[in-house]
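Peer 1: Residue strings, one per chain:
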Amino acid sequence: MDIGGSYGTLGGPSINIRSLSKDHIDFILSDTDLSVANALRRVMIAEVPTVAIDMVEIETNTTVLADEFIAHRLGMVPIDSRDVEKLRYTRDCTCSQYCPECSVELTMHVKCTDDRTKTVTSRDLISSNPTFAPVLQDKNDAGVMLVKLRKGHELKLKCIAKKGVAKEHAKWSPVSGVAFEYDPHNKLRHTQYWFEEDESEW
Amino acid sequence: MNAPDRFELFVIPEGRRKVEMEVDTKIPNAATFKIEREDHTLGNMLRAQLLKDPRVLFAGYKVPHPLEHNFLIKVQTVPGTAPGQALKDATSELISEINTLKNKFDMDVIRHRTFEDAKATQPGMGAFDTGDASGQAGSGLDPNRPGMDLDF
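Those protein sequences? They're chains A and B, same order as listed. The first sequence maps to residues 79 to 280 in the working numbering. The second sequence maps to residues 168 to 319 in the working numbering.
I should point out that these hints are in silico values taken from the structure, not numbers from a laboratory. Nothing here was measured: the structure is a model prediction, and the numbers come from that model. One thing to keep in mind: the hints can contain errors.
[As the list claims (entries may be wrong)] Per label pair, the in silico range of CB-to-CB distance: (1) B:Ile-277 with A:Asp-145: 45 to 55 Å; (2) A:Gly-255 with B:Met-274: 21 to 31 Å; (3) B:Lys-219 with A:Tyr-260: 10 to 20 Å; (4) A:Pro-127 with B:Ile-262: 38 to 48 Å.
[Unchecked claim] A partial selection of chain B residues facing chain A, derived with a Cβ cut-off under 8 Å: (5) Phe-200; (6) Glu-203; (7) Lys-241; (8) Glu-264; (9) Thr-267; (10) Val-276; (11) His-279.
Ideal Cβ placement from N, Cα and C applies to all residues, glycine included.
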């Protein structure tokens, strides 16, 4: 199999990382076709598997938000998916409904007992599998805000988080923004600008 | 009420195959392949790769309807090569290209991290271009940098 193939002696595509951090990467991709760069972008957005809450069983909800509203917000909570390869898809699993091999159970029980407004955040979610817990930036991070409680309000629920891809629902998308740019000076003339008299105005 | 299940975008139902070929009777050495539960992500890549092959005379793809999750790719080759063979070769080349890309990426991450570590250990710390990740201006230099959670 000739890897150089259509590229001659270049040896295929190459990558040059410009900056790299915990949640952001900026790199230059060269010696490859535009369709590959676009496919990479599309796959990053839609087809990289992640773990997100998929089913919510609500035992008590006396908050101001509706059950389905809270369930939707819970679905959007980001869950640490670095070990997602170890989890199976529920539809591929041999169990009948769901099991620890194909899902993660998270529970939450918050009750507001004093006069101050209590904020329920993703920190209140307790995961049955510590490898898959809601993401926190650092130890001071309060977590994603879910609902605010007044005195007497209570929220008790059980969530099942499953592996999935963003093609099924955007909550499973691992990225917040992907963009790529090519030919910044428009040398390929893929873009036609407006001009009054002559193209040299561009 | 009428919305189809979202997993229909990528789960193939029983009985259907991923790839189906239909030989074109009117044009020599031409065939149309129907690939189920795939979209422009794969279609455009395959088409572009086929066009690089000198044995391919015609290559084009389309998604016939956005609500039906499949695409058609039509290939015509020179006499002597079967369109199916050209498609297979294009697929293999793409797989090896992506593998090369993956390896080069992993290597570049390691190169980038060691480069950053080397810069960080220089006396009189210069600016990090991984900015917000470490934020350890005063706490001294920790080579493991707890802020980073890259573990390729």
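Peer 1: It remains to establish, for every hint, whether it holds in the given structure.
Peer 2: The hints, checked one at a time:
| no. | hint | verdict |
| --- | --- | --- |
| 1 | B:Ile-277 with A:Asp-145: 45 to 55 Å | 48 Å, holds |
| 2 | A:Gly-255 with B:Met-274: 21 to 31 Å | 26 Å, holds |
| 3 | B:Lys-219 with A:Tyr-260: 10 to 20 Å | 18 Å, holds |
| 4 | A:Pro-127 with B:Ile-262: 38 to 48 Å | 19 Å, violated |
| 5 | Phe-200 | 17 Å, violated |
| 6 | Glu-203 | 14 Å, violated |
| 7 | Lys-241 | 17 Å, violated |
| 8 | Glu-264 | 5 Å, holds |
| 9 | Thr-267 | 4 Å, holds |
| 10 | Val-276 | 7 Å, holds |
| 11 | His-279 | 5 Å, holds |
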